[in-house]
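Got chain A sorted already, so can you dock chain B onto it with the hints?
There are 2 protein chains.
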Amino acid sequence: VRLLITAGPTREYLDDVRYLSNASSGQMGFALAQAAVDAGHRVSLVSGPVHLCPPAGCDYYPVETSREMYEACERLFLGCDGVIGAAAVCDYRPKRRAAGKLSKTGQGLSLELEETADILAALGAKKESRFILGFALESTDRRANALRKLGAKNCDAIVLNTPEAIGSATTSVELISRDGQTVATYAGSKPEVAKSLIAWLTAQIAGQQGR
Amino acid sequence: VRLLITAGPTREYLDDVRYLSNASSGQMGFALAQAAVDAGHRVSLVSGPVHLCPPAGCDYYPVETSREMYEACERLFLGCDGVIGAAAVCDYRPKRRAAGKLSKTGQGLSLELEETADILAALGAKKESRFILGFALESTDRRANALRKLGAKNCDAIVLNTPEAIGSATTSVELISRDGQTVATYAGSKPEVAKSLIAWLTAQIAGQQGR
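Line order of the protein sequences matches chains A and B.
Residues 38 to 248, numbered by the numbering used here, are exactly what the first sequence covers, in order.
Residues 38 to 248, numbered by the numbering used here, are exactly what the second sequence covers, in order.
Isolated chain A (complex conformation) (with noise of 0.2 Å):
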């Protein structure tokens, strides 16, 4: 099985020095390719920013904003028989990237952003057979914002996670199938919170495969 997975922020450029981001350290990400190439998958693992080796034995493609991540995530949807969608990718980006750095005004600055493309959605709207397991991370209104991605981008599934997972070594996520039915709940190191999720997105694949 090749599953695409995307890890990491990605960084949405002011000017050649600036940007907007966030706290992502790609953990989460680079855990779940880990325990994929583990488990015997191939793996592409498509990053944006962060300070992490990839695992040996894995396709690794770094990226830097959201429009080169959703590039490189479109190439390689094609070949992929899955997609994780573990990045923190960024939401809005500024409408213009100044050259070189922008010098201080002296006053306030109104900065005009812009949505990014939503990569899972875009990829979900092709999926065909493809299993496509997405991540959501929310502080109020969970659930249902996490069921209303799982719809908007035609996941099989998703992962309901909150902001303190962010940067830290452990996480406690939910996993919530397309019917919108908790089917486990995960709670520990990325490391065994990966594996758990590889191994449950395994037996979903062989099971979609063997129909």
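No incorrect hints appear here.
With a straight-line cut-off of 20 Å between C-alpha atoms, the simulated EDC-like cross-links for lysine to aspartate or glutamate are:
| hint | chain 1 | residue 1 | chain 2 | residue 2 |
| --- | --- | --- | --- | --- |
| 1 | B | Lys-132 | B | Glu-152 |
| 2 | A | Lys-141 | B | Glu-152 |
| 3 | A | Lys-132 | B | Glu-151 |
| 4 | B | Lys-141 | A | Asp-155 |
| 5 | A | Lys-141 | B | Glu-175 |
| 6 | A | Lys-138 | B | Glu-152 |
| 7 | B | Lys-138 | A | Glu-211 |
| 8 | A | Lys-141 | B | Glu-149 |
| 9 | B | Lys-132 | B | Glu-151 |
| 10 | B | Lys-141 | A | Glu-149 |
| 11 | A | Lys-138 | B | Glu-151 |
| 12 | B | Lys-141 | A | Glu-152 |
| 13 | B | Lys-138 | B | Asp-53 |
| 14 | B | Lys-138 | A | Asp-155 |
| 15 | A | Lys-138 | B | Glu-201 |
| 16 | B | Lys-138 | A | Glu-175 |
| 17 | B | Lys-138 | A | Glu-152 |
| 18 | A | Lys-138 | B | Asp-178 |
| 19 | A | Lys-132 | B | Glu-149 |
| 20 | B | Lys-138 | A | Asp-178 |
Calculated directly from the structure, the hints in this document are not laboratory data.
Quick look at chain B alone, frame taken from chain A:
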């Protein structure tokens, strides 16, 4: 001699997850701290989030935001004989920080930013006999901007470098003294350049104290 050295980027949060930042790796500031320790100085290192280990023997104060860096520097300033401002402090921060994680609205967003306090200028305004070495990262009108900053921050000298230095292992800098003269240019690995800068700074402080 007790030196206060700032390093790394800062993060300015929009909400609990997203922030404005820059790609400063902290390498130059940490190299300066190491070179200063090696030269026998006592070092207080105040750094934004980086993936580096502080040099053995220095007092380390990790911070996240420009406000936290400002407060740490204010506290440490009275006890120091010199300041090196190598941090890439964010110039702007969102006017409001939302709790939790803002949900996407389905449309663009106008983000209101305000200037952050100029840490080095605040310290420079009450420098008395302390030696203050600033850094200026400029892409256009480089020398003019560096000289303006040197004056505005009441520095004794300023190190002029370029956006290419950000995150890079090497750098190429011009050292400009209070009278606008280029004192030296240094190029090479950041540890090499840091060693040269600390040697120069040490001689300057010794000269001041000898007067």
